[in-house]
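J.: Residues per chain are reported as follows:
2 protein chains.
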Amino acid sequence: MRHAERRGRLRATAAERGLDAVLVTDLLNVRYLTGFTGSNGALLLRTDPSPTHPDVFGTDGRYTTQAGTQVPDVELLVDRDTVAALTREAVRGGAGRIGYESHHLTVDGLHALEEVLADAAAGGRVPELTSIRRAVEELRVEKDADEVDALRRACAIADAALAELTSQGALRPGRTELSVGRELDARMLAMGAEAPSFETIVAAGANSAIPHHRPDATVLADGDLLKLDFGATVDGYHSDMTRTLVLGGAGGHVAAWQREVYQLVAAAQAAGRAALTVGADVVAVDAAARDVIAAAGHGEHFSHGLGHGVGLEIHEAPGIGPRGAGRLAAGMAVTVEPGVYLPGHGGVRIEDTLIVTDDAPELLTLTSKELLVL
Amino acid sequence: MRHAERRGRLRATAAERGLDAVLVTDLLNVRYLTGFTGSNGALLLRTDPSPTHPDVFGTDGRYTTQAGTQVPDVELLVDRDTVAALTREAVRGGAGRIGYESHHLTVDGLHALEEVLADAAAGGRVPELTSIRRAVEELRVEKDADEVDALRRACAIADAALAELTSQGALRPGRTELSVGRELDARMLAMGAEAPSFETIVAAGANSAIPHHRPDATVLADGDLLKLDFGATVDGYHSDMTRTLVLGGAGGHVAAWQREVYQLVAAAQAAGRAALTVGADVVAVDAAARDVIAAAGHGEHFSHGLGHGVGLEIHEAPGIGPRGAGRLAAGMAVTVEPGVYLPGHGGVRIEDTLIVTDDAPELLTLTSKELLVL
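So the protein lines, in turn, are chains A and B. Using the working numbering, you'd call the opening residue of the first sequence number 30 and step up by one each time. Using the working numbering, you'd call the opening residue of the second sequence number 30 and step up by one each time.
Honestly, the hints are just simulated from the structure, not real lab data.
Just some of the chain B residues that point at chain A, by a computed CB distance under 7 angstroms:
1) R211
2) D214
3) A215
4) L218
From the structure, some residues in chain A lie toward chain B, with a derived Cβ separation under 10 angstroms:
5) T94
6) E130
7) S160
8) H242
Cβ pair distances, simulated, as ranges:
9) A:A285 to B:A174: 49 to 57 angstroms
10) A:G123 to B:A192: 53 to 61 angstroms
11) B:E342 to A:E34: 31 to 39 angstroms
12) B:A354 to A:A199: 50 to 58 angstroms
Quick reminder that beta carbons are idealized off the backbone N, C-alpha and C, glycines included.
Based on the provided sequences and hints, a complete structural model is requested.
T.: In structure tokens, the structure reads:
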């Protein structure tokens, strides 16, 4: 149902651009439009499909069964050279102008396509290839109900996995970043995640000042800031959450500078979330959080953008940062993740995944943002 | 050390082809040549590097620290638009002919590169772009000692994870394919795998007849064949192993047809392994196993190639199948994985990862291939 609706939207785009057909080769875009999750598949979408020349989903023999189950509503073509076979189908349907994804197709891929077209035209007029650019990605920016549901479930797993770790004492001095990261990943998998959303970040002590620290053999110690940036993938959709806590030892001690930085980042994050309204300019959303940090004299310690879209990719449109462009719309799924990083000392980042709505944004990552001292 | 050796081999290729520099943009190829594991990086390799115009590794600001650690022996350039910045570097070094990876660079990427070149040439002669095709992949086919070591560790984790599952009774009637798959993945992660090599296949009963079945809610039952195809990733290198066993129930019962198919596939797999010799034609290697199966009247039930290369990718050169081309060389890492699939009944596949040597191939996946009845 959803997939047919999505194909309908792409068909409207194709018609607007005067195309007879579109070849979708980016696997995530194919998944978005058909539901197919295998490693090889492409879609020929026609502007005016008919019973004799319908849309065609192509894959190879490994996926015949899977395609039948996952893509029951699109004609199936099984061929080792999937894109070439779909291209010949397009020519047979009389397509004169064919759209393709120039941001995905490789230079070699385009040459192969041109050869197929010349062959298939058999001396007649060779169909013209035109890039549709990121037309499917543009459709993907505003999530539909099924997508929001998958994101909600992906966020719930991340929340639950972290809750298990904290409640069972797994975040404690003496463990290494690597072992904590692996346990977090294993718990998300056990809870039904298909995979972690990305390489889980566990950064203790001075490492927390490195925005994208890779977990290593560093041992967690009393008094450390501990930054966890992680997510779960469910039905292909990625959650993304960061929490920073303090390993306070028996006395529950938090250094004054740690508390100060934490409260600052929390205030900036709240300001960023409050700025997530329909029609808001992404640069203004970034500024809402950044200004809070800059006013406290830490502007130079917030070295990245405020957030990004999230969905079938962990980073997708819209980018929310000082160099971004565009406005928010209802249904966009985005992160808000300011940070303050003091090199050599430590850093704090707090990140949520949210859905922009006509009302207040819907918060999907529900783990508390109060400063947690373990 | 290894990375410098590998760059030296690519430099020799570049010199042979009359190139002044090569832009390596495929991330796995960049990793192979530099050791960098981040998500954005590219390498400018010069045919005649000098202190003023050395090789340059490019990445963005997220990876400054990581690049310093992982790529200490190559000049670092940090720029948001990495490939454009490296291209300008190449022009500054006077490169007239620049190689690029046309099987990786997108159509949009090539256009962007051409614009940068035209700009950088500033009215002078615009450097010429020439595809190096899969030159780096060709180097990657024969593994060096570090790579074999990583593969050995990746295979050892898969072996150990399966041993835990079988010894602890985790493969038993009543569980679902999905829960078994998740537990296998979690155990590999707990043992130090970075990730499963691919979506783990767990296929019980009739599902075992589907070569690439995705684990689902199917419940394991007494008398089922149970096919497990999985692997672990270590230092980026993938192991790949399949074992098929029988859930024999209390009586340890195995149906005659199950035993017959198992012994046939095991014999074919042994014949395939025995054919892994330096200089062997990949079609002949495939035939060595396929002929055993065909002679037993099951030719049509072995519907895929015998094996494939494995390394930084789960499927890489050489392909070992009826339509393959080329000969084996020492140091190649390959799988041998014949199968016999009886639709609606069940199937058996047995797969190892091995290294071709001047002597007998080195077996990396050490789990027994005797028929296991649980």
